[in-house]
Amino acid sequence: MRKNLLMLHTVTRIVVFIILAFSVFLFFAGHNNPGGGFIGGLMTAAALLLLYVAFDVKTIKQVIPFNYTTMIAVGLLIAIGTGVASMLNGDPFLTQYDRYVTVPVLGELHLTTALPFDLGVYLVVVGVALLSILSIAEDDA
Amino acid sequence: MNANTVSEIITGILILTGTLFCLFSAFGMIRLPDVYTRSHAATKSTTLGVLCTLFGAFLYFWINDGYVSIRLLLGIFFVFLTAPVAGHLICRAAYVTNVEIVQDASKVYVKESDSD
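Chains as they are written, first to last, in full-length UniProt numbering: chain A, 1 to 141; chain B, 1 to 116.
Treat the hints with care, as some may be off.
Unchecked claim - Partner residues aside, some chain B positions facing chain A, computed with beta carbon under 10 Å:
hint, residue
1, Leu59
2, Tyr67
3, Ile70
4, Arg71
5, Leu74
6, Phe78
7, Leu81
8, Thr82
9, Pro84
10, His88
11, Leu89
12, Arg92
Stated by the list, open to error - Computed list of chain A residues with no C-beta within reach of chain B, every gap over 10 Å:
hint, residue
13, Ile14
14, Phe22
15, His31
16, Val57
17, Lys61
18, Gln62
19, Leu88
20, Val103
Quick caveat, the hints were computed from the structure, so don't treat them as lab data. Ideal Cβ placement from N, Cα and C applies to all residues, glycine included.
Using the sequences and the hints given, assemble the complete structure.
So this is what it looks like as structure tokens:
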């Protein structure tokens with residue numbers, strides 16, 4: 001039977017953007033609300049996985065040329081880097097700094113170094129989830 | 001009657017309607033004879049039920065707390081968009097794997113009511 005998954009493809013194109021936007025929202029909401037790097041990363045992985053399921057693994061690999069192994073490494077490096085940065089400043093490992101910064105468009109923001117650490121968690125979670133699922137999916141032998 | 005009472009009545013009616021639609025959908029899942037009619041019952045009325053419930057919660061928090069929850073609106077849009085497509089895909093998978101269609105559903109009901 002000839003495959004014609006028009007409904008799935010069309011809805012996936014719209015829905016993936018909603019899921020990705022919500023995952024970014026969850027990632028930034030982590031400080032004061034439920035959310036954070038882990039659940040945001042899982043949600044991004046779910047959005048990308050929806051693409052892989054709805055289309056083809058080969059097609060999506062051309063569209064999103066991420067190497068998830070390096071993504072895990074970069075996430076770990078960012079997380080370690082935030083810890084080492086506070087050591088270079090003379091404080092213990094992983095000391096958190098925060099500061100109120102006034103940004104032209106967004107107004108006053110409460111920026112902390114917990115955010116880059118969370119970004120590291122986010123990248124590691126996305127990388128591990130997609131790498132494990134895709135390596136199972138591609139096991140043709 | 002102040003605004004608080006009116007909002008509670010409206011949201012109460014919306015949430016009760018939503019739960020009732022979900023209950024009807026569950027009855028449909030039990031009563032209907034094959035995959036296709038069950039999918040018909042499950043996708044349509046559950047979608048409407050969930051939409052009514054979420055919209056009731058949205059209105060309640062908007063009127064009582066002054067909190068406009070974008071997440072609830074996004075959830076309404078998301079369920080409205082994805083639930084019918086999920087039903088479509090399940091029905092399609094059932095059809096591709098040659099799941100039988102019950103041609104005359106009335107006979108099934110007559111048999112069941114006779115045996116009771």
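How the hints compare with the structure:
1. Leu59: violated, 21 Å
2. Tyr67: Where the cut-off is 10 Å and the nearest Cβ of chain A is about 12 Å from Tyr67(B), the hint is violated.
3. Ile70: holds, 9 Å
4. Arg71: holds, 8 Å
5. Leu74: With Cβ-Cβ at 6 Å, under 10 Å, it holds.
6. Phe78: This hint holds: Phe78(B) lies near chain A, its Cβ roughly 6 Å from the closest one there, short of 10 Å.
7. Leu81: With a minimum Cβ separation of about 6 Å from chain A (threshold 10 Å), the hint on Leu81(B) holds.
8. Thr82: For Thr82(B), the interface hint holds, since the closest Cβ of chain A sits about 6 Å away, which is under 10 Å.
9. Pro84: holds, 9 Å
10. His88: holds, 6 Å
11. Leu89: At 6 Å from the nearest chain A Cβ, Leu89(B) passes the 10 Å test, so the hint holds.
12. Arg92: Since chain A brings a Cβ to about 9 Å from Arg92(B), closer than 10 Å, the hint holds.
13. Ile14: Nearest chain B Cβ is 7 Å from Ile14(A), so the label is violated.
14. Phe22: Answer for Phe22(A): violated, closest chain B Cβ roughly 7 Å.
15. His31: Holds, since 17 Å exceeds 10 Å.
16. Val57: holds, 19 Å
17. Lys61: holds, 23 Å
18. Gln62: holds, 25 Å
19. Leu88: Leu88(A) clear of chain B: closest Cβ-Cβ about 39 Å, beyond 10 Å.
20. Val103: Label holds. Min Cβ-Cβ 22 Å, cutoff 10 Å.
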